[in-house]
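Work the whole structure out from these sequences, hints included.
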Amino acid sequence: MRIALVGQPNSGKSTLFNSVAGYKSVVANYPGTTSEPARSLVHGQGEPFELVDLPGLYSLSSIEKDELRARELLLSLAPELIIHVIDASALGRSLELTFELAELELPLIVCLNMMDEAARKGIDIDLPRLAAALGVPVVPTVAATGEGVARLFQVGLQAARERPVPRRFLLSDDVERVIGLLVTKLRQELVRKTGLPTRLLALKLLERDTLLAATVAETDPELAQEVLRLQQELATSHGRPADVVLGSERHALCLNLFEEVATVRRPLRRSLRDRLDAYVMHPLWGYLILGAVLFGFFSVVFGVGRLIEAPIMAGFEQLGLLLTTAFPDRNLAYTVLHGLIQGLSGGIGLVLPYLLPFLVVLTLLEDVGYIPRAAFLMDSLMHKIGLHGKAIIPFVLGYGCTVPAIMSVRLLESSRDRLVTSLLVNFIPCAARTTVIFALVGFYLGPGHALLLYVLNLVIIALAGRLLLHFLPEATPGMILEVPSYRLPQLRALLAKVWYRMREFVVIAWPILIAGSVVLSLLEAFELAQPINALLAPFTSTLLGLPAAVGITLIFGVLRKELAIVMLVQALGTSDFSSVMTNGQLLTFTVFTIFYVPCLGTLAMLRSVSGVRGMLAALGLTTLVATLGALVFRLLTA
Amino acid sequence: MFDDAPSPQTCSLDRLPRGVVARIRHVHGGLNVRQRLSNLGLHPGDRIRVLRCSCFGGPVLVAIHDLEVAIGRGMAEKVEVDLELGLS
Numbered sequence: 001m002r003i004a005l006v007g008q009p010n011s012g013k014s015t016l017f018n019s020v021a022g023y024k025s026v027v028a029n030y031p032g033t034t035s036e037p038a039r040s041l042v043h044g045q046g047e048p049f050e051l052v053d054l055p056g057l058y059s060l061s062s063i064e065k066d067e068l069r070a071r072e073l074l075l076s077l078a079p080e081l082i083i084h085v086i087d088a089s090a091l092g093r094s095l096e097l098t099f100e101l102a103e104l105e106l107p108l109i110v111c112l113n114m115m116d117e118a119a120r121k122g123i124d125i126d127l128p129r130l131a132a133a134l135g136v137p138v139v140p141t142v143a144a145t146g147e148g149v150a151r152l153f154q155v156g157l158q159a160a161r162e163r164p165v166p167r168r169f170l171l172s173d174d175v176e177r178v179i180g181l182l183v184t185k186l187r188q189e190l191v192r193k194t195g196l197p198t199r200l201l202a203l204k205l206l207e208r209d210t211l212l213a214a215t216v217a218e219t220d221p222e223l224a225q226e227v228l229r230l231q232q233e234l235a236t237s238h239g240r241p242a243d244v245v246l247g248s249e250r251h252a253l254c255l256n257l258f259e260e261v262a263t264v265r266r267p268l269r270r271s272l273r274d275r276l277d278a279y280v281m282h283p284l285w286g287y288l289i290l291g292a293v294l295f296g297f298f299s300v301v302f303g304v305g306r307l308i309e310a311p312i313m314a315g316f317e318q319l320g321l322l323l324t325t326a327f328p329d330r331n332l333a334y335t336v337l338h339g340l341i342q343g344l345s346g347g348i349g350l351v352l353p354y355l356l357p358f359l360v361v362l363t364l365l366e367d368v369g370y371i372p373r374a375a376f377l378m379d380s381l382m383h384k385i386g387l388h389g390k391a392i393i394p395f396v397l398g399y400g401c402t403v404p405a406i407m408s409v410r411l412l413e414s415s416r417d418r419l420v421t422s423l424l425v426n427f428i429p430c431a432a433r434t435t436v437i438f439a440l441v442g443f444y445l446g447p448g449h450a451l452l453l454y455v456l457n458l459v460i461i462a463l464a465g466r467l468l469l470h471f472l473p474e475a476t477p478g479m480i481l482e483v484p485s486y487r488l489p490q491l492r493a494l495l496a497k498v499w500y501r502m503r504e505f506v507v508i509a510w511p512i513l514i515a516g517s518v519v520l521s522l523l524e525a526f527e528l529a530q531p532i533n534a535l536l537a538p539f540t541s542t543l544l545g546l547p548a549a550v551g552i553t554l555i556f557g558v559l560r561k562e563l564a565i566v567m568l569v570q571a572l573g574t575s576d577f578s579s580v581m582t583n584g585q586l587l588t589f590t591v592f593t594i595f596y597v598p599c600l601g602t603l604a605m606l607r608s609v610s611g612v613r614g615m616l617a618a619l620g621l622t623t624l625v626a627t628l629g630a631l632v633f634r635l636l637t638a
Numbered sequence: 001m002f003d004d005a006p007s008p009q010t011c012s013l014d015r016l017p018r019g020v021v022a023r024i025r026h027v028h029g030g031l032n033v034r035q036r037l038s039n040l041g042l043h044p045g046d047r048i049r050v051l052r053c054s055c056f057g058g059p060v061l062v063a064i065h066d067l068e069v070a071i072g073r074g075m076a077e078k079v080e081v082d083l084e085l086g087l088s
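For the protein sequence lines, the chains are A and B, in the order given.
Note that the working numbering has the first sequence beginning at 1, numbered continuously upward.
Note that the working numbering has the second sequence beginning at 1, numbered continuously upward.
Check before you lean on any hint, since a few could be wrong.
Stated by the list, open to error - Here are some chain B residues the structure puts well away from chain A; computed CB gaps all over 12 Å:
id : residue
1  : Gln9
2  : Thr10
3  : Cys11
4  : Arg15
5  : Pro17
6  : Val20
7  : Val21
8  : Asp82
9  : Leu83
10 : Glu84
Unchecked claim - Chain A is faced by these chain B residues, among others (derived, beta-carbon under 10 Å):
id : residue
11 : His26
12 : Gly41
13 : Gly57
14 : Ala70
15 : Ile71
16 : Ala76
What the hints assert, rightly or not - So the derived label-pair ranges between C-beta atoms look like this:
id : chain 1 : residue 1 : chain 2 : residue 2 : range
17 : A       : Lys185    : B       : Gly30     : 24 to 30 Å
18 : B       : Gly30     : A       : Arg306    : 50 to 56 Å
19 : B       : Arg15     : A       : Glu233    : 43 to 49 Å
20 : A       : Glu72     : B       : Gly19     : 42 to 48 Å
Calculated directly from the structure, the hints in this document are not laboratory data.
Computed from a predicted structure; not experimentally measured.
Where a beta carbon is used, it is the ideal one built from N, C-alpha and C, also for glycine.
Next comes the structure, spelled out in structure tokens:
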């Protein structure tokens with residue numbers, strides 16, 4: 001038995017899933033969090049069943065890539081039951097998807113979730129009447145508190161056995177005539193190929209579904225002509241494109257049904273939301289609050305991070321000393337253990353202290369519903385580099401640590417925006433790179449030069465953004481985003497989500513950090529620094545004009561950027577860098593270190609967020625920009 | 001009726017004054033724009049009201065079917081509305 005949760009983004013599918021399946025799916029108070037379906041075997045409702053949490057989708061059309069994926073997933077899953085999860089406070093809009101799901105000819109029940117929110121908005125829903133109109137059971141729930149969830153699955157399992165037939169909603173007579181005409185022309189072969197029932201296939205073809213149109217054009221050019229002719233017929237008789245004709249009729253049916261089953265009482269008082277938003281989204285106060293929130297975010301993450309980091313790092317130092325005394329002859333075992341400890345200290349001592357507070361604060365902001373409001377404020381600025389408002393979050397986080405910044409790229413809905421943001425975020429100097437900037441440029445050339453580097457950094461990001469915009473043009477003319485009500489975060493859900501995300505980092509990044517450390521430790525032990533430096537010399541000394549000895553430090557910098565400094569001391573044999581490097585060389589080295597290859601933890605996260613190709617693109621772009629930037633500085637300071 | 005010449009009370013959504021209730025007349029632009037707007041409940045014939053504009057050519061916040069939706073300037077320009085219902 002397989003049950004699929006289907007619904008619009010932000011309707012609470014994942015919350016519902018987690019309340020029965022344990023914590024496996026990430027939820028947040030913004031649309032589009034579930035990009036991969038989470039599955040879980042659920043026991044305890046009589047018979048065990050597999051529950052699948054599908055990515056959010058607004059309709060069964062395939063205009064946007066992410067929605068297309070959700071539709072394909074749903075079709076390939078062939079569930080024995082579909083639960084349509086609806087945000088009861090947005091019932092009018094959500095019913096359109098119910099109508100489409102009814103066309104799938106699979107057992108269907110409706111879960112009216114967030115009933116508490118609907119009540120707050122003054123929406124009363126006549127449940128028996130809605131169920132009768134739809135022809136399927138309707139179960140009210142509040143997934144966040146677990147209310148109604150047990151009953152939902154009881155009703156669901158019963159429906160899967162009894163297979164109630166959802167009522168089919170008919171459009172106006174002349175439209176139905178055209179649909180009927182097309183249905184007679186659809187061959188069984190096409191129905192099998194697309195996996196859609198005949199009537200739904202006809203509807204989608206008339207609505208100019210891009211993917212289906214392409215399939216038809218390939219398999220049956222004659223039918224493609226016929227579809228075009230029928231679309232034209234509808235357009236001529238209604239004076240609007242065929243997709244608008246069908247969309248408007250379905251929309252009108254939904255609104256009529258909504259008015260039939262729901263009464264909306266206007267709240268007497270101005271809601272808390274309105275009063276808060278008057279400041280939070282205000283053209284002046286809004287930005288001040290946003291600044292304060294981001295500053296607070298940053299301070300908490302780094303304040304708490306530093307507190308946790310110090311004792312952990314002290315512990316690892318002790319461990320390192322112990323190791324040195326235990327292996328006075330520094331054999332191979334020592335080298336491997338040394339590398340292991342280095343890797344663990346990188347994973348536990350540096351990243352974890354910052355990641356934990358980061359995840360707590362980010363999750364809090366998400367659950368409260370602040371992110372869409374920040375996006376509203378920042379949209380016009382981010383638009384200039386081809387992104388939308390929400391992308392501000394990864395950029396700010398990037399100043400702390402690139403790993404969580406890349407992680408937060410998942411806030412963005414379109415895969416194109418996720419890719420572009422994850423590429424650009426690599427250029428933001430994280431805390432480790434800030435150490436390099438201050439230890440080299442700030443210390444030897446003065447804080448003015450350090451500040452200059454930060455400004456230059458922003459200029460380069462803007463330029464790279466424009467460049468990427470050229471290669472990866474925006475798919476749509478702008479943002480469209482629902483701004484949900486504020487919600488009080490639930491502690492249990494918050495902690496569970498933090499744990500889920502933390503676990504993701506541990507699983508992805510730790511093995512790479514540890515393996516990388518062991519390799520570097522071995523390089524050191526076998527004195528491979530010289531040959532590596534020689535190998536890199538054409539690049540480091542000939543092209544960039546740096547001492548050849550810095551080659552090995554750049555390799556270590558990939559493990560953790562601040563290691564570049566530590567290794568520089570070792571490589572140059574002095575901690576007074578100005579005695580062996582000119583100011584120009586220091587600047588060139590720093591610029592290269594800021595921009596080149598992100599650290600291993602970041603690379604691992606990049607692969608997880610935007611795939612191997614995204615990771616390789618980031619590698620290429622960062623190396624290119626770092627080399628160009630360093631070259632410019634070499635020429636400027638020559 | 002949708003092919004009428006724009007009457008004086010017609011404007012694009014981004015120019016609709018705050019607080020004025022209007023009715024969506026037409027969505028310009030392609031299938032993609034129409035689909036994305038209709039996903040969030042914006043269809044021709046629907047009542048819409050601007051709650052808030054952000055400065056620097058940023059998005060507008062609208063109320064539609066009792067929900068609040070932020071629409072980027074580029075999208076809002078494509079939504080043509082009729083001013084017919086006065087202030088609410």
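These are the hints, each one checked on the structure:
Gln9 (chain B), annotated as away from the interface, keeps every beta carbon of chain A farther than 12 Å; the closest lies near 20 Å. Here Thr10 (chain B) stays apart from chain A, with its beta-carbon at least about 17 Å from theirs, past the 12 Å limit. For Cys11 (chain B), the shortest C-beta to C-beta distance to chain A comes to about 18 Å, beyond the 12 Å cut-off, and the non-interface label holds. Non-interface status of Arg15 (chain B) relative to chain A is upheld: no Cβ of that chain comes within 12 Å, the nearest being about 15 Å off.
Pro17 (chain B), annotated as away from the interface, keeps every beta carbon of chain A farther than 12 Å; the closest lies near 16 Å. The claim that Val20 (chain B) lies off the interface holds: its Cβ sits roughly 17 Å from the closest Cβ of chain A, which is beyond the 12 Å cut-off. Val21 (chain B), annotated as away from the interface, keeps every beta carbon of chain A farther than 12 Å; the closest lies near 14 Å. Chain A leaves Asp82 (chain B) outside its interface by the beta-carbon criterion, the shortest separation being 16 Å against a cut-off of 12 Å.
The beta carbon of Leu83 (chain B) sits about 21 Å from the closest Cβ of chain A, which is more than 12 Å, so the claim that it is off the interface holds. Non-interface status of Glu84 (chain B) relative to chain A is upheld: no Cβ of that chain comes within 12 Å, the nearest being about 18 Å off. The restraint placing His26 (chain B) at the interface with chain A holds, with a minimum CB-CB distance near 9 Å, inside the 10 Å limit. Among the interface hints, the one on Gly41 (chain B) holds; its C-beta lies about 4 Å from the nearest C-beta in chain A, closer than the 10 Å criterion.
Interface restraint check: Gly57 (chain B) against chain A, minimum CB-CB distance 5 Å, threshold 10 Å, status holds. Of the supplied interface hints, the one on Ala70 (chain B) holds, with its beta-carbon coming within about 5 Å of a beta-carbon of chain A, less than 10 Å. Below 10 Å, beta-carbon pairs count as interface contacts, and Ile71 (chain B) has one with chain A at about 5 Å; its hint therefore holds. The criterion of a C-beta within 10 Å of any C-beta in chain A is met by Ala76 (chain B), whose closest approach is roughly 8 Å, and the hint holds.
The hinted range of 24 to 30 Å is satisfied by Lys185 (chain A) and Gly30 (chain B), whose Cβ atoms lie roughly 26 Å apart. Take Gly30 (chain B) and Arg306 (chain A): their Cβ atoms lie about 51 Å apart, and the range 50 to 56 Å holds. The hinted window of 43 to 49 Å between Arg15 (chain B) and Glu233 (chain A) is violated, with their beta carbons roughly 36 Å apart. In this structure the hint that Glu72 (chain A) and Gly19 (chain B) lie 42 to 48 Å apart at CB holds, the actual value being about 43 Å.
Of the numbered hints listed earlier, the single one contradicted by the structure is hint 19.
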